[in-house]
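A.B. asks: Spelled out from the first residue to the last, the chains are:
There are 2 protein chains.
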Amino acid sequence: MEKILLGPMPYMSVMPTLLVGANVKGKPNYMTAAWATVACMAPPMVCVAINKMRYTAQGIEENKTFSLNVPSVDQVVETDHCGLVSGSVKDKSQVFTSFFGKLKTAPMAKECPVNIECTVFKSVDCGSHLLYIGKIVEIHADPSCVTEGKPDIKKVNPILYTHAAYFDVGNLVDMAFSAGKDYQKG
Amino acid sequence: MEKILLGPMPYMSVMPTLLVGANVKGKPNYMTAAWATVACMAPPMVCVAINKMRYTAQGIEENKTFSLNVPSVDQVVETDHCGLVSGSVKDKSQVFTSFFGKLKTAPMAKECPVNIECTVFKSVDCGSHLLYIGKIVEIHADPSCVTEGKPDIKKVNPILYTHAAYFDVGNLVDMAFSAGKDYQKG
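Residue numbers (our numbering), protein chains in the order written: chain A, 180 to 365; chain B, 180 to 365.
If you're looking for bench data, these hints aren't it; they were derived computationally from the structure.
Among the clues, some could well be false.
Identical chains share a label here; the pair holds if one copy fits it or two copies do between them.
To be verified - The calculated BS3-like cross-link candidates involving lysine-lysine, where the alpha carbons are at most 27 Å apart (straight line), are:
(1) K243 - K301
(2) K204 - K334
(3) K301 - K360
(4) K314 - K283
(5) K360 - K231
(6) K289 - K206
(7) K314 - K231
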C-alpha cells in the first residue's frame, strides 16, 4: 500500500499521561503532560516537554526541580482537570495531597501510585516548548504497585495518551529480548 | 498507604516501541527503542535516547538524520529481533523494506504503519545515552491507519513497552480536555 504524507505534526504512537509537579511561588502545582520519556540509563534521567508559557515552567525555573507523577486510570478526572485549568488562574494545590521527598521543592501527589523526583540536568529550547531533562533523585511507589522492586504496569494501571483521548493498557503481547528469537528471514 | 523508595532507575509508566532507522555506512539499519516522545509542538519535534555505543548512533552522527518507525502488534517478532542483534554484527537492512522520503539518508520501514522522518536538531549527552532531538520533516502513514488526517491509535495498533514486556493498547478510558470538567473538589 502506498503511504500518504500527513505533514510534520507533534505525533508519537504511545504516550504516558503524567502530572508534572512543581512549586510555583512556594505552592505546589500539578500540570497534566504526556510528552515525556526516559532520557538516560546511567545516570537515570527522564525528559518532559513543557510549553514555555506554562505556569509550571515558572516553578521549574525557580527551583530547578520537578516531579513526574503517574496517575492511575481511576484518577482520570483529577488528572484531566489539571490539564484544563492553569495554576495562574486557579490554585491546584489541593487537587492532590502533596508530599516532599529528598528535594524540598518538588511536590509529589500522594494519590498517584508512582512519583519520580528530579533535579533539572538541562533544559533545551526547542521553540514553543522547553525540553526539561531531569536527573532522577528518587522513585516513590505504593508497595501494592511494585513487583520485584519495580513499578508493575498492570498494578499501576497507568493512563495512555493519544490525540485528545485516554486509554488503558491492554494485554501482554510478548516478552522483549525473547520474541525476536523466532525471527527466521534472511 | 506509605510509599516505598525504589531508588533512581530509568523508569517511565508507558513507552512506545519504535524502530529507529538510520543509514550506517550507507546501508539501512533498524534499532528497537522505547525511550522516545514528542519534544516540541512548533516546530514539531521528537526525541529519542540512544546508547552511545550503538551502531545506530554512528549512522545518526554520519548523516544527521534518522527515522522513527511505528510497528504494529503483528510485527513484534521482527521488532524484537532488531533489539536483540546489533547492526555491527548482522546486516538488518533486509528485515524491513526500506524506502526514503524527503531526506535521502533516513531509511523508513515500509511495513510499519507510520514513519516519522527527522533531521537532528540537537543531541544532548546525558551520560550512557545521547538524547537526539529531531525536527520532523514528514510523517508517512498507511491510509488505512489514518482518521481525520492523523494516525489512529486503534488502527495503528502500536506496541507499548514496559520492563522487558510488550503490551497492546487497551480500551478508551475517557476524552482529554473533557473528563476533568466533572471535577468538583475545592
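A.B. asks: Are the hints correct? Go through all of them and say.
C.D. replies: Evaluation of the provided hints:
no. : hint        : result
1   : K243 - K301 : both (9 Å within a copy, 22 Å between copies)
2   : K204 - K334 : neither (35 Å within a copy, 44 Å between copies)
3   : K301 - K360 : neither (38 Å within a copy, 35 Å between copies)
4   : K314 - K283 : within (15 Å within a copy, 36 Å between copies)
5   : K360 - K231 : between (45 Å within a copy, 25 Å between copies)
6   : K289 - K206 : within (16 Å within a copy, 50 Å between copies)
7   : K314 - K231 : both (20 Å within a copy, 18 Å between copies)
Taken one by one, the earlier hints fail for this structure at numbers 2, 3, listed in ascending order.
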